[in-house]
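Construct all of the structure, not just a fragment, from the sequences and the given hints.
Sequence positions in the sequence shown follow the working numbering and run 1 to 471.
Rather than coming from a laboratory, the hints here were simulated on the basis of the structure.
On a predicted model such as this, the values are computed, not experimentally measured, just so you know.
You may find that some hints are simply not true.
To be verified - Simulated restraints, written as ranges between beta carbons of each label pair:
hint	residue 1	residue 2	range
1	ALA424	THR303	50 to 56 Å
2	ALA133	VAL59	24 to 30 Å
3	VAL228	ASP439	20 to 26 Å
4	ASP387	ALA438	15 to 21 Å
5	ALA424	ARG234	24 to 30 Å
6	ASP185	GLY302	34 to 40 Å
7	GLY277	ARG34	47 to 53 Å
8	ALA424	ALA402	33 to 39 Å
9	GLY277	SER226	17 to 23 Å
Stated by the list, open to error - Straight-line Cα separation of at most 30 Å, DSSO-like style, residue types lysine-lysine; simulated pairs:
hint	residue 1	residue 2
10	LYS93	LYS220
11	LYS199	LYS229
12	LYS248	LYS199
13	LYS229	LYS441
14	LYS187	LYS248
15	LYS441	LYS394
16	LYS129	LYS93
17	LYS229	LYS256
Note that beta-carbon positions come from the ideal geometry of N, C-alpha and C, so glycine has one too.
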Amino acid sequence: MNWLRGIIAFVLAFALAFATSRMANGPALATSTRAPLIASDAIDADRVNEIVLERDGTVYRFERQDGSWLQTAPILHAVENWSMRQLIGRVLKTVSVRTVDLSTSDGDARAKSLVQAGLSPPSGRIELKEQAAAGAAARSVTIDLGRRSLAGRAYARVGAQDGKVDDTHYQVVDSELHEFALGRDPKEFRRRDLFIDLKDVDRVAFRSTGNELVLTRQGKVFRLESPVKTRVDRVQAEELFDALRRAKSSGFVSDKPAELAAYGLSPAMATLEVDSGSTRRTLLIGDTVSIGAQDRFGMLDGTSTVVRLPAAVLAPIFPRVERLIDAVASAIRPRDIAAIEIAVGAQHITLRRETSGWTASVATHDLNPATSPATSPASIAGTIDLDAADRLLKALTETRAASVELSAFPASDSVATVTFLGFASEPLDTVRIARRGADSKTLLENGDGVLRVHGSIDLPLTAEELGFHAK
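Have a look at this one:
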């Protein structure tokens, strides 16, 4: 067995010689001690107002302006504040679990070790810049990021300080910073909101080929200015504004594309303008993303990024105009009405509000002008049923139509006109009423070119239907 002992002794001697050689040409010491990579007082996280991330040959610059973070290079785009806080936090919380000392290595071994660690050149670099405090110089910290290793570890080193790089050490660190800064697509830092931080909406305008929809708000009053001028249902308008605030793209397609026409964005298939205060934001809407798809390409005016607009997001921010229109015939409040004038057939009925109910006067006109007397017909005074007046007001000022149509009033089907007067005898509103012969539906219109269609409605108009009683 002496030959076996000789072989073992030879192997041990060779291993010892190899280790001695490596110590002479490689790292002299690897110290396993957990410690922060960046000193706690090196920079104030709350005062960091610029972050520079270099990776994949591109420099990404992020700046904090008025409390919000923006990507300013290579493109301009808002980013999530949360993402920037995470990036700052992970830089400052990065922990070194082992220090690799290269100070005793020769130049070639040192360079080879840095290359193997992915630090020459670095796989990435992060620099945090601090807003200078009063009377103090601005501070910054830089970390060079190397390659990721096994068991949740990676290589890193503190970057250049005063223009000098310390190449005598590097650190083995937890890989959380590498995963966040190098493992994520930088586009994921961006905000996907289409209308970022949208507050009170004053105007919305949607335009496509041959079509225009313009909605405005003044205080709590909403109006449609195009394609017709009419009242807007407040609930529907607020739902539209909420949908605009929630609207997000589903992803970023291309930064600075060479040909916007390839996405149907030059010229755009449609545009959506949203005014809030003195700020106008315009969304350009292009082609569908593929044959048979409903999602579309889009771009916000003033940016250079094509985004994907989901059909589920587009639907609520582009409602049908009929859905927005107030389906009630008149916006006048019943308590503001002092008198009602009704012209129905040959009858002209005037109702006046009294403390105890409504008084009425009824005059009957000859519908044949050739036989009509020169003098006005005498009117008959009386009262009407209080319940009938309430039903009339409810039908015209509260009851919503089953549907709405953008169409001229069919004068040939007209059956009545109702005018509301205020307490100074001023006209407040007029509602024209027709019954369409084709489907027997009741149509209400108050001069806005909108027909509010009722299949069935309790609408007393004649003296008999109002329960008129002569005095």
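Taking the hints in turn, this is what the structure says about them:
Separated by about 54 Å at the C-beta atoms, ALA424 and THR303 satisfy the suggested range of 50 to 56 Å. For ALA133 and VAL59, the Cβ-Cβ distance of about 27 Å falls inside the hinted range of 24 to 30 Å, so the restraint holds. About 22 Å separates the C-beta atoms of VAL228 and ASP439, a value consistent with the hinted range of 20 to 26 Å. As the Cβ distance of ASP387 to ALA438 is approximately 32 Å, the hint placing it in 15 to 21 Å is violated.
One distance hint, 24 to 30 Å for the beta-carbon pair ALA424 and ARG234, holds here, with the actual separation near 27 Å. Taken as a hint, the range 34 to 40 Å is violated for the pair ASP185 and GLY302, whose Cβ atoms sit roughly 23 Å apart. The hinted window of 47 to 53 Å between GLY277 and ARG34 holds, with their beta carbons roughly 52 Å apart. In this structure, ALA424 and ALA402 meet the distance hint of 33 to 39 Å, their C-beta atoms being roughly 35 Å apart.
For the pair GLY277 and SER226, the supplied restraint of 17 to 23 Å holds, since their beta-carbon distance comes to about 22 Å. Distance check on the hinted pair: LYS93 and LYS220 sit about 49 Å apart at the alpha-carbon level, beyond 30 Å; violated. Taking the CA atoms of LYS199 and LYS229, the gap is about 25 Å. The hint holds against a cut of 30 Å. Between LYS248 and LYS199 the CA atoms are separated by roughly 16 Å; this keeps the pair inside 30 Å, and the hint holds.
Taken as a hint, the LYS229 and LYS441 pair is honoured in the structure, with Cα atoms around 24 Å apart against an allowance of 30 Å. Taken as a hint, the LYS187 and LYS248 pair is honoured in the structure, with Cα atoms around 14 Å apart against an allowance of 30 Å. Under the criterion of a C-alpha separation no larger than 30 Å, the hint pairing LYS441 with LYS394 is consistent with the structure, at around 18 Å. Taken as a hint, the LYS129 and LYS93 pair is honoured in the structure, with Cα atoms around 16 Å apart against an allowance of 30 Å.
This hinted pair does not check out: LYS229 and LYS256 have alpha carbons roughly 40 Å apart, beyond 30 Å.
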